[in-house]
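Engineer: My request is simple: use the sequences and hints to build the entire structure.
2 protein chains.
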Amino acid sequence: MKSLFCFRTVVLASLLLASGVATHADEGMWTFDNPPVKQLESRYHFTPTQEWLDHVRLSCVRLNDGGSGSFVSPDGLLLTNHHVARGQLQKNSTKEHDYVRDGFYAATRDQEMKSPDLEVDVLESMENVTAQVQAALKDVKDPQQELTVRRALIAKIERESLEKTGLRSDVVTLYQGGEYWLYRYKKYTDLRIVFAPEQQIAFFGGDPDNFTYPRYDLDMAFFRVYENGKPIHTPNYLKWNPNGAVDQDLVFVVGNPGSTQRLDTVAQLLNWRDDMLPNILTWLRHRREVLKAYSAQDPEQARQAGSLIFGLENSIKALDGEYKALNQPSIFDKKEAEEAEFRKLVAANPEWEQKYAPAWDQIAAAEREAATRKNYFFHRLDSTLEQLAVTIVQYVAEVKKPDGERLPGYHEAQLDSLRLRLFSPAPIYPAMEKAQMEGALELGLAKLGKDDEIIKTVLDGRTPHEAAEQLIDGTKLADPAVRKKLVEGGEQAVAESTDPLIVLARKLDPTLRAYQKWNEDHVESVIDRAGEALGKARFLAYGKSSYPDATFTLRLSYGKVDGYPMNGTIAPPKTTFFGLYDRAASFDYKGPFVLPARYADGRSKLDLSTPLDFVTTNDIIGGNSGSPVIDRKGELVGLIFDGNIESLAGSYVYDGATNRAVAVHSAGMTEALRKLYNAGSLLRELLGQ
Amino acid sequence: MKSLFCFRTVVLASLLLASGVATHADEGMWTFDNPPVKQLESRYHFTPTQEWLDHVRLSCVRLNDGGSGSFVSPDGLLLTNHHVARGQLQKNSTKEHDYVRDGFYAATRDQEMKSPDLEVDVLESMENVTAQVQAALKDVKDPQQELTVRRALIAKIERESLEKTGLRSDVVTLYQGGEYWLYRYKKYTDLRIVFAPEQQIAFFGGDPDNFTYPRYDLDMAFFRVYENGKPIHTPNYLKWNPNGAVDQDLVFVVGNPGSTQRLDTVAQLLNWRDDMLPNILTWLRHRREVLKAYSAQDPEQARQAGSLIFGLENSIKALDGEYKALNQPSIFDKKEAEEAEFRKLVAANPEWEQKYAPAWDQIAAAEREAATRKNYFFHRLDSTLEQLAVTIVQYVAEVKKPDGERLPGYHEAQLDSLRLRLFSPAPIYPAMEKAQMEGALELGLAKLGKDDEIIKTVLDGRTPHEAAEQLIDGTKLADPAVRKKLVEGGEQAVAESTDPLIVLARKLDPTLRAYQKWNEDHVESVIDRAGEALGKARFLAYGKSSYPDATFTLRLSYGKVDGYPMNGTIAPPKTTFFGLYDRAASFDYKGPFVLPARYADGRSKLDLSTPLDFVTTNDIIGGNSGSPVIDRKGELVGLIFDGNIESLAGSYVYDGATNRAVAVHSAGMTEALRKLYNAGSLLRELLGQ
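So the protein sequences, as listed, match chains A and B.
Just so you know, we're using our numbering here: the first sequence kicks off at 117 and counts up by one.
Just so you know, we're using our numbering here: the second sequence kicks off at 117 and counts up by one.
Please keep in mind that the hints were generated in silico from the structure rather than gathered at the bench.
No experiment lies behind these values; they were computed from the predicted model shown.
It cannot be assumed that every hint is accurate.
Since the list can't tell identical chains apart, any single copy or any two copies may satisfy a pair.
Lysine to any residue pairs mimicking SDA-like chemistry, simulated, CA-CA at most 25 Å apart [unchecked claim]:
(1) K272 <-> Q530
(2) K272 <-> Q250
(3) K302 <-> D390
(4) K600 <-> L278
(5) K791 <-> D723
(6) K676 <-> D365
(7) K706 <-> D747
(8) K230 <-> R537
(9) K572 <-> T614
(10) K600 <-> V619
(11) K440 <-> G684
Structural biologist: In structure tokens:
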């Protein structure tokens, strides 16, 4: 559940500027309406037919946990990463059965394990609604009003589409308002786990090896998608290629990159680098410490916190890499040079200069305004229960308003997904909630002081420890039935509730709304409008020969299997099982380099020269986890699970010399399933036998 | 044979300043008269006894090919690197027997293969002669005169010592004249090759993996030292430990680091970085291209050029790494900060300021003078035959002068070693000589122009191609007997010779001598004297708690087996045979990653988890190749053969966080000898059976 406070982060992170800058090498996260046909033909002598494009699009999915996946059999079998599935494995696990640690395999369908709150979307169609949106905004002068009008119109388009088709309907903003598209998804919410390996092989090498290559991870998992109690029939699926790809092969990645900032202005990047990123990193690191202390007290507590810590460490490493990238003169200089060139092109045309040039300064001014409240970032309480309480309080108020006037997240078309999360049966651990809330309040107190409105309201004269204890001990919101009852009881039930978290949420709500309004008025609306102007200027100056910043919607990227210069030498295009055993032995099987017993004992069963992981030049980013690697024939040759350390600059620039996507090799997956997991029925299904 | 033109490079590179700056971590290349006892006791709870120190000193050797080695049995068995032995293997090889490519093993002593021109020195004793030298220089005012007086005195000390003891006698300048020591060596010139593996496993990974880690090289070779036709008896030898060291073990490296510039002034480093290094790199790269073109014409030519190209690529990679290091603000800033601190300490004392502070500016002025002739670097002709001719012409003149007045290299005490090289029977390939000389003349022409004195004299109206062809085709100097006859015939024979190279050398000699004199007068003498002043200032300011810059003489370094942060993750403390097979397979056995047939076929015989290479924090540099890694007990646990990429900055600063020495693990050497080479007699000798 995203709290309102990270909304601005999301907005900021997804600020887009259309780029017509000539794209080099294998760059680009291409929308399916605008595939990189010219590049594919000239570099790889490959022409994707409409059939080919449709086939791969319909074979791929988005997982709302924040990743991607693909169908790999006609019976709804879905391949994704272990780390994307991990949350669901965690939620199914108990003290007695730790599916994260030990893995899981359903040899027959009736053993397949239901996932509490996973939604999967298949992109059925895309419709360009740019004209409609831009027409409505044409005569609106005021940025704040434009924000309102745009939201209302988007909500209307989504609602009407949902009513008409029954499909999940999202209007996607591309090129920062240069284009608006209506994406319709077939949505599935009954996913059952078929196979997951041990965490220790899915994430071999742990945090040290995360975001690096060479790598030796089997980061895979299989689900089956059900509907009405039966596996769905998936005529569009990727045929499993057990041999995989070789060095220099043309390959594609189809998935959902989350967000990039390649088209941010220099002012935006400066604010991000100097104000936002440091705060985010401080927060993430603090949370990690809190949860590590929690984990140290008890093995069961460690199990509970495992996935969260995993996610935090992943974010820390990624954002720290991004922070380092932005502090590299070579990268920042590049962004400044790009902006200078763009400004020059605009200035050369008096009409463009007059219409669009003010946008840069408007954005810079809005960023300065935003920076005055940068520490409001520390209003977060890091508590699932508190977030649920706030959502409930707002929900019952928002649903009474006309759709177009609601806060983001509460529009008609979004309610299904919201309710799925709101009423999820996933367990919530009170002791962990207390530890996290207490830690958040301590950090908030340190950063904002005791007279801060939010801090003061939450603490209400108590210490962070006392406040957290009383709120968590007193609340009943951990029970989804209680939450459901409140929501069904509407505003009255909520107003009458004595649940301490609901009481607190009622108190906080006006302030939260005020802060959000201030942000919309002073920052978001200004940046949206100015960004849209720059988006138009970009189309005029450069034409539409490029791709938009990532938006956690379906993209196609192309590239080849290829090593790269690393550490004074060359990283190879693939690794083998030999390397897994080498790395484990070279650390004497300690720490994150321990081998699961299955691998230690089963070594002689394997052909160790089988490829395990490999790297490609495909342009991807977080969100692409679980994406399939597809060859020319449209077959599955690999499974994306990471990027190398050099790819962390990819939020800002793509450098084809060293930026690599990291994938599990289909030969490695096949070898492991066959020789170590004896997953006969799964293999037969994959191989179409 | 070092030409006169690289003399200044050697001088520059060995300019030393005593440092009393507190040394951190496991830093330091310690002389045996000043071992790091305090550090060893406090960090490792180890106290080296005089017995222990003497034992390891007398077990270790210097190879005049430019490396180190150690005795590993009581019968003169010597361990060093394959790449140190390679030159000798190359010189023994023919078109029919390529010992570099195929390796060599003498199962019995009579098969052991003699090396044409390898000298090995054992450091028998060290005597401090500082007082004697400084007394002679006390009243000499003039820097040029000081140079002359110092040289004459040093030559005298060496000559008298040689006459008295029969031992090779070198006066070593430490702390840039802060100290002078007389080192006496027992010298051996009859070395016979016992074992060398295939080049492809000694240097697995080739140029890409050179100077990097993780690594999978078996860079080892064994010689036996003979005297009077019999193996020498070596009561001081290192006992072979077949299990080797483990992570965090205390280890020592005893060997001959060649040169460092840690105590250079900022002015010296700037000249080195901006004038010298670029020229050297240009030259090396040009030579590599010339030799690669030569190699491409014919497999036999490729064999001839192999070792040279190997050496060039090694130097290019190392110097390029050093160049990059000096262009890193973090490193250069560090050197500037060190100098600023030193200047401050000196300035705080009026007497020191008056006596020593002018030295910095004097050095800077000399560097500026040197820079005016930086392109004289390109006077070199890259021809072994031409260098032999110049040596002969100068030799017959110099030996007629009193010892103290001779050019460096021609002093009485140096003549044995000089003659060994001058009359070496190692083959010289005329076609390769022509190619190299032609290439050198083309580069010289481009850099200096056709009116340059040396270029004009050599070309004499011809093109580079014509000149090279006529000179090499016309000379008979490839025959050592011819060279010997000329030298024995003295100045008259040389003056009468019509050999075109001798004729050329006679013409060039006055100019070469003039350039050398100019360099001595304007640069070397000034820097020597000013450097000596700074050396004294350093002792005064910091005391003698540190170590001198490297001087290609015996040093002790200490450290531990330890991984380090690399590539966003951790490099492990060791690698295993698993890793060798992984790296080979991951590149599909292509290029520098091909596996020798013995390893491809014999994989199942090996325990693949056996350690192959490992890293330690020991402070080493080029020249340490072949040094033993020794444990607390004085046993041999490894064999140094490289440094990681982060160690290339070690010429200038030691960074214990990432600087690592790279060694072959004794367990890996034992496993290979036993299981793949069936080297039964060699193993029995090593294990004392």
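Engineer: Now, for every hint given, state plainly whether the structure supports it.
Structural biologist: Outcome of the hint check:
For a Cα distance limit of 25 Å, the shortest separation of K272 from Q530 inside one copy, 12 Å, qualifies, whereas the shortest one across copies, 94 Å, does not. Taking identical chains as interchangeable, the C-alpha atoms of K272 and Q250 lie at most 25 Å apart only when both belong to the same chain, with a minimum of 15 Å there against 94 Å between chains. When the C-alpha separation of K302 and D390 is checked against a cutoff of 25 Å, the pair qualifies neither within a copy, at 41 Å, nor between copies, at 64 Å. Proximity of K600 to L278 under the C-alpha cut-off of 25 Å is restricted to the intra-copy arrangement: shortest distance 23 Å within a copy versus 99 Å between copies.
In this assembly of identical chains, the alpha carbons of K791 and D723 lie at most 25 Å apart whether taken from the same copy (9 Å) or from different copies (22 Å). In this homomeric assembly, K676 and D365 come within 25 Å of each other (Cα to Cα) only inside a single copy, at 5 Å, whereas the closest approach across copies is 44 Å. In the homo-oligomer, the alpha carbons of K706 and D747 lie at most 25 Å apart only across protomers (24 Å), although the nearest pairing inside one protomer, at 37 Å, exceeds that limit. Only within a single protomer do K230 and R537 lie at most 25 Å apart by alpha-carbon distance; the minimum there is 15 Å, versus 80 Å between protomers.
In this homomeric assembly, K572 and T614 come within 25 Å of each other (Cα to Cα) only inside a single copy, at 20 Å, whereas the closest approach across copies is 101 Å. Taking the closest pair of Cα atoms, K600 and V619 come within 25 Å of each other only inside a single copy of the chain (17 Å); across copies the shortest separation is 104 Å, beyond that limit. For the homomeric pair K440 and G684, the shortest alpha-carbon distances inside one copy (20 Å) and between copies (12 Å) are both at most 25 Å.
Hint compliance for this structure: hint 3 is the single one not met.
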